[in-house]
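All residue numbers for the sequence shown refer to UniProt numbering, where the first residue is 1 and numbers rise by one.
One should not assume that every hint holds.
Unchecked claim - Below, simulated DSS-like cross-link-like pairs (lysine-lysine); rule was C-alpha separation at most 27 angstroms, straight line:
1. Lys227 with Lys139
2. Lys139 with Lys243
3. Lys288 with Lys330
4. Lys282 with Lys227
5. Lys314 with Lys288
6. Lys227 with Lys288
7. Lys139 with Lys154
8. Lys139 with Lys330
9. Lys313 with Lys330
10. Lys243 with Lys314
11. Lys313 with Lys139
12. Lys227 with Lys330
Said to hold, decoys possible - Restraint ranges, calculated between C-beta atoms of paired labels, are given here:
13. Lys330 with Leu265: 28 to 36 angstroms
14. Gln222 with His186: 24 to 32 angstroms
15. Tyr78 with Lys313: 34 to 42 angstroms
16. Lys330 with Arg44: 30 to 38 angstroms
17. Leu265 with Gly165: 24 to 32 angstroms
18. Arg310 with Pro107: 22 to 30 angstroms
19. Arg44 with Pro107: 35 to 43 angstroms
20. Arg44 with Ser315: 39 to 47 angstroms
21. Gly328 with Arg150: 43 to 51 angstroms
22. Ser315 with Leu164: 49 to 57 angstroms
If you're looking for bench data, these hints aren't it; they were derived computationally from the structure. Virtual Cβ for every residue (Gly too), placed ideally from N, Cα, C.
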Amino acid sequence: MATTAGTATRTGTTGTTAAPKIDSIESTSSSTLQSKPRPYTLRRAQLSDLSPAARTVSLGFWDDVLFGRLIHPFRNSYPSHVDKYWYRKFIVDYWDWSHVMLVTTEPAAGDSSAGGKPEIVTGFAHWSRIAPSRQVNYKASWDLPWWDPRRILKPVFALFSRLLGIISPNRAVSKTHETILEQSYHFLDHIWTGPRSESWYLECIAVHPDYQGRGQGRALVQWGLQKAREEGIACSVISAEGKETFYERCGFDSGPVARSGEGGLENPLREVEGGICFFKDKDGVVVKDRVLGDWTYGPGDYDWVAWTQRVEKKSGEDQSDGDQAPVGWKTEAGSPWSWREV
1 MATTAGTATR TGTTGTTAAP KIDSIESTSS STLQSKPRPY TLRRAQLSDL SPAARTVSLG
61 FWDDVLFGRL IHPFRNSYPS HVDKYWYRKF IVDYWDWSHV MLVTTEPAAG DSSAGGKPEI
121 VTGFAHWSRI APSRQVNYKA SWDLPWWDPR RILKPVFALF SRLLGIISPN RAVSKTHETI
181 LEQSYHFLDH IWTGPRSESW YLECIAVHPD YQGRGQGRAL VQWGLQKARE EGIACSVISA
241 EGKETFYERC GFDSGPVARS GEGGLENPLR EVEGGICFFK DKDGVVVKDR VLGDWTYGPG
301 DYDWVAWTQR VEKKSGEDQS DGDQAPVGWK TEAGSPWSWR EV
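Use the sequences and the hints to build the structure in full.
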C-alpha cells in the first residue's frame with residue numbers, strides 16, 4: 001500500500017514504440033529549518049538505483065504497521081535483511097513495461113574521479129498503469145508486443161528473485177505474513193472498474209528519513225497525477241496509516257473509495273490499520289461516493305464520522321442544485337460505481 005506501498009498490482013506494459021521518455025527534473029527543496037534550499041533531481045530509476053532505493057524504502061517503512069511490524073517483526077535483529085524484501089520486488093517489476101520507477105537524488109559530498117557528480121538516492125516511487133487488459137496498455141504505448149524478446153526479462157528476473165530467496169533468505173521477515181499482500185490482491189479487483197478501470201497506481205513511495213520535509217515525496221506523487229491527466233485516465237493510491245491527509249493535499253480528491261481490508265473475514269488485511277484507497281478521477285467524470293458499510297470496517301485513526309458528514313453534505317448540495325432533469329447515472333455489472341459525465 002502506498003504511503004506508502006501498493007496492494008494492488010495489475011499486469012500490462014509498452015507498445016511498439018518505446019515508453020515515453022522521462023527526463024530528469026532538477027529542482028530545489030526547502031524547509032523552514034534550512035537557510036538554503038537543497039537541490040534534488042527527479043529521474044527514472046536505473047537498475048543500479050534499485051539497491052539504494054531498497055534501503056531508502058526500508059528506512060521509510062521501518063515502523064509502518066504493515067511493512068515494518070507485521071511483515072518484518074525481526075527487523076531490529078536483521079536490519080539489512082529488510083532491503084532484500086524490497087529489492088527482490090523491484091528487480092522483477094523493473095522489467096514490466098507498465099511499471100515506472102522514479103528516484104529523487106541529491107548530490108553526495110566529495111568529487112567523482114569518473115567526472116560525474118556522485119549522488120545519493122533520497123526518495124523512490126513505484127508507479128504502475130492498471131488497465132483491463134494488456135491490449136489496452138499496449139494501445140497506450142505501455143506494453144510490449146507479444147513477439148518482443150524483452151518480454152522474457154520479467155520472468156527471468158522473477159526466477160532470479162526466487163533463487164535469491166533460497167540462497168540468501170530474509171531473516172527479518174515473518175514467514176506467516178511475508179505474502180499477506182499477495183493474498184489480499186483479489187479482494188480489491190472491483191475497485192478498478194468502470195471509469196476507474198484505467199489508472200496510474202502508486203504502488204510504493206518512500207523518502208529517506210534524513211531527507212523528508214523537502215518536497216521530494218510530493219514531487220514523486222505529482223509525476224503520476226500529471227501522467228494520468230495527460231492520458232485522460234484516473235490516478236489512485238492506497239495509503240498507509242496516517243498518510244491520508246498527505247494524499248488528499250496532493251490532489252487525490254475522491255475518497256476514501258475502498259479499504260484494502262474489505263471483502264469479509266477471509267481478507268488477511270481486515271484487521272490491519274490503514275489501507276484506505278483514494279482516487280483522482282479522470283476529467284469529465286463524477287463518481288458517486290460509496291455508502292458507509294462493511295468496507296469501512298477496520299482499525300485505524302481515520303475519521304469516518306467526519307467523512308460521512310462530508311458525503312451527506314455534498315449529496316444534499318447536489319439535490320438542491322435546481323436542475324430539474326433527473327441525472328443519468330451509469331453503472332456496470334460487477335462494479336460498485338455509479339458515475340456520470342459532466
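Structure-based check of all given hints:
1. Lys227 with Lys139: Status holds; Cα separation ~16 angstroms.
2. Lys139 with Lys243: Violated. Lys139 to Lys243 sits at ~34 angstroms, over the 27 angstroms cutoff.
3. Lys288 with Lys330: 10 angstroms, holds
4. Lys282 with Lys227: 11 angstroms, holds
5. Lys314 with Lys288: With Cα atoms ~10 angstroms apart, Lys314 and Lys288 stay inside 27 angstroms; holds.
6. Lys227 with Lys288: Given that 27 angstroms is the threshold and the Cα spacing comes to 24 angstroms, the pair holds.
7. Lys139 with Lys154: Judged against 27 angstroms, a Cα distance of about 20 angstroms means the pair holds.
8. Lys139 with Lys330: 25 angstroms, holds
9. Lys313 with Lys330: Measuring from Cα to Cα gives roughly 22 angstroms; hence the hint holds.
10. Lys243 with Lys314: Distance of about 24 angstroms is within 27 angstroms: holds.
11. Lys313 with Lys139: 40 angstroms, violated
12. Lys227 with Lys330: Holds: Lys227 and Lys330 sit about 26 angstroms apart, inside 27 angstroms.
13. Lys330 with Leu265: 28 to 36 angstroms: 32 angstroms, holds
14. Gln222 with His186: 24 to 32 angstroms: 30 angstroms, holds
15. Tyr78 with Lys313: 34 to 42 angstroms: Roughly 50 angstroms apart at Cβ, these two residues miss the hinted range, so it is violated.
16. Lys330 with Arg44: 30 to 38 angstroms: 36 angstroms, holds
17. Leu265 with Gly165: 24 to 32 angstroms: The hinted range 24 to 32 angstroms holds for Leu265 and Gly165, with Cβ atoms some 30 angstroms apart.
18. Arg310 with Pro107: 22 to 30 angstroms: 44 angstroms, violated
19. Arg44 with Pro107: 35 to 43 angstroms: Given a distance of about 18 angstroms, which is not inside 35 to 43 angstroms, the answer is violated.
20. Arg44 with Ser315: 39 to 47 angstroms: 42 angstroms, holds
21. Gly328 with Arg150: 43 to 51 angstroms: 44 angstroms, holds
22. Ser315 with Leu164: 49 to 57 angstroms: Holds, since Ser315 and Leu164 (Cβ atoms, about 51 angstroms apart) stay within the stated range.
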